[in-house]
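**Q** If you read the protein sequences in the order shown, they are chains A and B. Count along the first sequence starting at 1, add 351, and that's the number in the working numbering. Count along the second sequence starting at 1, add 860, and that's the number in the working numbering.
These are computed hints drawn from the structure, not numbers from a lab. Every residue gets a Cβ at the ideal spot worked out from N, C-alpha and C, and that includes glycine. Hints may be right or wrong, so weigh each one.
[As the list claims (entries may be wrong)] Stretch by stretch, here's where chain B covers chain A in the computed footprint (C-beta under 8 Å, at least three residues):
| # | segment |
| --- | --- |
| 1 | 474–488 |
| 2 | 492–500 |
| 3 | 506–512 |
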Amino acid sequence: MTGEEILKVTGILLQYLVPTLKIFGFTLLLAVPLGMVVACLKMCRFKPVSWLTNVYILIMRGTPLMLQIIVVYYALPFLRMSEGLPGFLADFLNGMDVASEEFMFNAVLVAFVLNYAAYFAEIFRGGIEAIPKGQYEAAAALGMTKSKTFFRIILPQVIKRIVPASSNEVITLVKDTSLANVVAYSEIMLAAKQQMMNYSSLVPLFIAGVFYFAMAMILTVLFGFIEKKLNYYK
Amino acid sequence: MSILNVKNLHKDFGKLRVLKDISFDVNQGEVLSIIGPSGSGKSTLLRCINQFERIDGGEINICGMAMTYRDENGKTVYAPKKALHEIRLKIGLVFQNFNLFPHMSVLQNIIEAPVQVLRQDKQTAVANAERLLKKMGLSEKAKEYPCNLSGGQQQRVSIARAMALNPEVLFFDEPTSALDPELTGEILKVIKELAAEKMTMVIVTHEMQFAREISDKVIFMDEGYIIEYGTPQSVFEDTANERTRQFLERYRTR
Ligand SMILES: Nc1ncnc2c1ncn2[C@@H]1O[C@H](COP(=O)(O)OP(=O)(O)O)[C@@H](O)[C@H]1O
Ligand SMILES: [Mg+2]
Chain A
352 MTGEEILKVT
362 GILLQYLVPT
372 LKIFGFTLLL
382 AVPLGMVVAC
392 LKMCRFKPVS
402 WLTNVYILIM
412 RGTPLMLQII
422 VVYYALPFLR
432 MSEGLPGFLA
442 DFLNGMDVAS
452 EEFMFNAVLV
462 AFVLNYAAYF
472 AEIFRGGIEA
482 IPKGQYEAAA
492 ALGMTKSKTF
502 FRIILPQVIK
512 RIVPASSNEV
522 ITLVKDTSLA
532 NVVAYSEIML
542 AAKQQMMNYS
552 SLVPLFIAGV
562 FYFAMAMILT
572 VLFGFIEKKL
582 NYYK
Chain B
861 MSILNVKNLH
871 KDFGKLRVLK
881 DISFDVNQGE
891 VLSIIGPSGS
901 GKSTLLRCIN
911 QFERIDGGEI
921 NICGMAMTYR
931 DENGKTVYAP
941 KKALHEIRLK
951 IGLVFQNFNL
961 FPHMSVLQNI
971 IEAPVQVLRQ
981 DKQTAVANAE
991 RLLKKMGLSE
1001 KAKEYPCNLS
1011 GGQQQRVSIA
1021 RAMALNPEVL
1031 FFDEPTSALD
1041 PELTGEILKV
1051 IKELAAEKMT
1061 MVIVTHEMQF
1071 AREISDKVIF
1081 MDEGYIIEYG
1091 TPQSVFEDTA
1101 NERTRQFLER
1111 YRTR
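The following block holds chain A by itself, in its conformation from the complex:
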């Protein structure tokens, strides 16, 4: 490929960065709070809730994300074909344009959020359970309420403990966005494969690799900075 072609392909891939970042950003935005909820459900003292949550986590962590994306994406069209649905649901499903970019994004996002919430939940749970009982007791002895204890005493310590594991997860997420091309969602990998065919060259893949690498590096530096910031105590 000529230098000019490389620049052109880089420009094209750059446009596909936006849908990639959209998956990345929205997944983080939704999976982190959902992960907290899931972590709480798993620690719930009412056993059936804890048990069901655990089944969900096991499935999410035990099957490939790619499979989950495909299942979510095709679930709705298949559901639409089934008989005996209540009227409003059938109308709702029929109203959906399954081929649209918007539907694709939503389906991919649902799969990513469900998957990553399970991983984040385990990280949060590990972090919360690592806080010694004495911290709760010290706060209670000082008359602090449950919510003040959690937000002022427990959570700050949990955050410090989970930064390294979360950092891993977030960097993995950047690279996992490439899985969305399995349902032809327009992200970087999809474009890179198209350009590879176009030019019969591996260079577009190489450029895509540089993109992922750059994003991973930015995140590595960012998390390194956060870790350092939180290092004021042991």
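Fit chain B with the ligands to the supplied structure of chain A, relying on the hints for placement.
**A** Positioned in the frame of chain A, the structure of chain B with the ligands alone reads:
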């Protein structure tokens, strides 16, 4: 004035009764030491009074407020939540392993409850914290984090933290047991100073010499019972009880 009054307290862990018919009194300005072999129920007793464990029978009164009382059927009932909170603020607790908040500086540890729970304004709380730190000989350490302090310093901070709520009574559960032997002295000294100021205190300890010097009353516990309850003289010198003698003998030969 009675600060703490415990009557016929029972506590079970499942089938195991770990506190049996415990009764005693602490008046204002008094120091009560609780001694006894490990597993005799000393910590559990403190934890019941500090509302970490629910009692299964008996009464606890603190500063004239009933933490638990008996209903018409003789069953033990806890006071409403609001009263329990109020009672808790009358009590300060110092733990064996300090339990300072590691993400907060020494000063923040001390002002946290006054500001967040008592809603003191920050200036008042800081001024009070600085006064307490001075008393503990830790004025220079206000900005340090607990991880940079020795065990003895951490325990002194935790005493200051407990005192910051102006409690009517301070409880200590083996305050020196987690410390290197050469650091126990500084904690015992601080507690002695508090005693000299007539701070009401209940101290679980294995420091027999210290307990004997500092206490107005001593309780010796074994297997969930109060075996001895009296002046240091009566427990340490005059006891006729075989178990008490054996226990004290073990500490004398140490
Ligand atoms: N949370 C608990 N569950 C069951 N048993 C307990 C619990 N805490 C303490 N015990 C038991 O209660 C007894 C008294 O323990 P503890 O109060 O810690 O004694 P001490 O402080 O005098 O060493 C022991 O037999 C101990 O095993
Ligand atoms: Mg104990």
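**Q** According to a criterion of three or more residues whose C-beta lies within less than 8 Å of a C-beta of chain B, is the segment 474–488 of chain A covered?
**A** holds (count 4)
**Q** Apply the coverage criterion to the segment 492–500 of chain A and chain B: a residue qualifies when its Cβ sits closer than 8 Å to a Cβ of the chain, and three qualifying residues are needed.
**A** It holds: at least three residues are needed, and the segment 492–500 of chain A offers 5 whose Cβ sits within less than 8 Å of chain B.
**Q** Is the coverage entry for the segment 506–512 of chain A by chain B consistent with the three-residue Cβ rule at 8 Å?
**A** With 3 residues in contact (Cβ-Cβ under 8 Å with chain B), the coverage given for the segment 506–512 of chain A holds.
The structure agrees with every numbered hint stated previously.
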